[in-house]
Amino acid sequence: MFDKFKEWYENRHDYAQAWKKQTGGKVLGYFCTYVPEELLIAADILPLRILGSHEAQDVTEPHIFGMFCPFCRDCLAQGLKGRFDYLNGIMISQSCLHIRQTYNSWVKHIPQEFSYYMYMPHGVQTPHAYPYLRGELEVFKKALEKWIGRSISDKDIDRGIEVMNKNRQLMKQVYEFRKQDNPPLTGLEAMYMVVSSQMVEKEEHNQALEAVLKELPNRKLDRNTGTRLMIIGSEDDDTEFVEMVESLDSTLVVDEHCTGTRYFWNEVEPQKDRLAAIAARYIDRPPCPSKDWPERKRFPHILQLAKDYNVEGALVIQQKFCDPHELDMPALRQMLEENGIPTYFLEFDVTVPIGQFKTRVEAFLETFALPDLF
Amino acid sequence: MITAGIDFGAKNVKVVILDDEKIVARGSALTGFDLKIAVKDASEMALKAAGLKLDEITHITETGIGQGSVAFAADSVSEVGANAKAGVKLLPSARTIIDVGAEEARAVKCDESGSMEDFVVNERCAAGAGAFVEAMARALEVELGQMGPMSLKATEAVPMNAQCTVFAESEVVSLIHAQTPKANIARAIHDAIAERVISMVRRLGITEDVLLVGGLAYDVGYVDSMKRGLGVEVHVPELPEYVSAYGAALVAQERAKE
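Chains A and B, in that order, are what the protein sequence lines are.
Those letters in the first sequence? Residues 326 to 699, by the working numbering.
Those letters in the second sequence? Residues 91 to 348, by the working numbering.
There's no promise every hint is true.
In the BS3-like style, the derived pairs of lysine-lysine whose C-alpha atoms are separated by at most 25 Å in a straight line are [stated by the list, open to error]:
| # | chain 1 | residue 1 | chain 2 | residue 2 |
| --- | --- | --- | --- | --- |
| 1 | A | LYS683 | A | LYS645 |
| 2 | A | LYS406 | B | LYS317 |
| 3 | B | LYS272 | A | LYS683 |
No wet-lab data here; the hints were simulated from the structure.
Sequences and hints are given; from them, build the entire structure.
Structural data, given as structure tokens:
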């Protein structure tokens with residue numbers, strides 16, 4: 326029942342090209358989940374998150390500093406190799422320096438009819454962030470209107486908000502099932518669900534989610550749940566890794582990734598001023614660590630997730646050289662361990678040495694069984 | 091005029107003796123612990139082959155990691171400079187010369203006279219150098235010389251992310267355990283090296299013709315991976331490991347005339 330999501334994820338380019346052909350609409354590639362998809366949907370544009378392909382490549386070295394994260398290089402490689410040639414435009418909402426370099430190189434080397442850099446504030450903990458972002462959304466809306474050649478009405482924006490909120494609600498409902506003692510879905514299936522939502526038309530994704538929600542109450546998986554793990558960290562769509570972890574008598578029951586809960590956890594609370602409502606959603610969302618300061622507001626949220634999903638241990642992962650995550654990790658691991666949740670740290674690259682990681686995860690999982698053994 | 095070039099490599103010391111621009115003899119010896127012994131062995135071998143005595147050589151220029159350690163060399167030239175000089179002499183149309191030895195990978199962009207325009211040298215790791223193939227040959231339990239021919243028999247491209255030699259070895263072990271055919275693993279290793287090297291060379295820009303030199307160019311698997319990765323024809327001279335020493339000897343010819 327999760328096959329559809331996997332199929333969308335694996336054939337994202339075919340999907341987007343078919344969508345374009347069928348609707349005659351524009352496809353916009355985006356680099357970070359701070360991009361306000363509500364406005365893109367209001368403009369009848371298909372937002373498509375640019376992710377890597379987890380393949381070794383040799384084309385980005387002239388464009389990106391070697392000690393920038395492998396994810397930003399993997400993304401740029403997709404563009405340089407022409408895999409996103411069908412895009413009509415690209416955009417980024419400021420998050421970190423590394424992915425911004427990907428955006429800048431992309432704009433410079435790959436012709437686009439539209440490109441947009443959105444000034445998403447870093448200081449999301451100041452009250453000034455709300456009016457600031459509202460203003461930026463106004464500017465962005467005007468740029469979109471100019472591009473598509475029509476104005477975007479309040480009704481259009483309401484539709485964008487409604488579709489996005491529904492997608493968030495439905496995915497959250499699916500996540501509810503992961504709280505069960507024996508979740509009827511694996512972490513891998515949940516990952517396919519969330520990453521595919523960043524690639525396909527939201528209405529269609531919502532329909533697939535509704536179908537899944539009908540069947541989930543009666544679904545039983547022919548596998549042991551084993552140790553209940555949480556996975557926390559940088560961008561992560563490494564399905565091979567997740568599959569390996571879940572082959573070792575464990576289940577990923579929840580995550581804190583921008584390819585997971587961080588992407589969809591909160592909704593737009595309706596206000597008369599639509600742009601202010603959207604701005605508030607992005608300012609208040611579970612933050613990327615690049616914006617989570619001076620106070621680490623993400624930590625209590627992570628702990629709450631761990632408690633709600635009855636998490637026994639946490640895999641803390643980061644893309645190599647991802648400074649915002651790296652800076653948080655010592656404190657994050659300490660916080661979790663003080664709360665009785667052992668953690669294990671792994672550094673991700675474009676591809677991971679799966680054999681070596683398997684040994685490490687196995688050993689981590691064995692520590693949970695130790696009291697029984699001795 | 092007789093000149094000589096000495097190249098101190100990480101693994102071997104190479105000597106080339108020239109009569110004008112013609113190679114009359116070569117010699118090589120394992121670098122080992124004592125550079126003086128290595129250079130003595132390699133030069134004696136070359137002198138013997140040429141039927142010459144040391145004092146009959148007008149000018150000696152050295153290059154490589156041990157520069158300055160031999161009393162009888164008159165001066166030195168950088169490896170990249172020597173590569174450019176020799177590469178263009180061997181293949182006049184060569185504009186990008188890629189030299190991968192035991193522990194270093196280098197590339198030089200040059201003009202038609204063999205003058206260096208720009209260069210890059212590997213910075214971070216050995217994963218894109220010859221020592222890596224040696225380590226991987228040990229992991230696969232095959233002779234070093236078999237790695238190339240074996241990888242040409244690969245039936246499938248296996249992805250590998252050899253960021254570091256040690257991690258790559260553990261990736262190879264995982265592939266062995268997953269019962270991946272040795273030929274496919276050998277190709278994955280060569281592709282990984284080529285990818286590291288090509289990534290680096292792209293900083294210079296790839297200007298044809300491309301000439302591969304250094305000891306790794308003996309490895310047909312690596313040459314094949316480079317050809318596929320670059321998407322252009324690549325050229326390999328005879329005895330590619332002597333190219334730097336030949337370049338140094340050519341520089342010696344020029345300097346002797348000054």
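Numbers of unmet hints, in rising order = none
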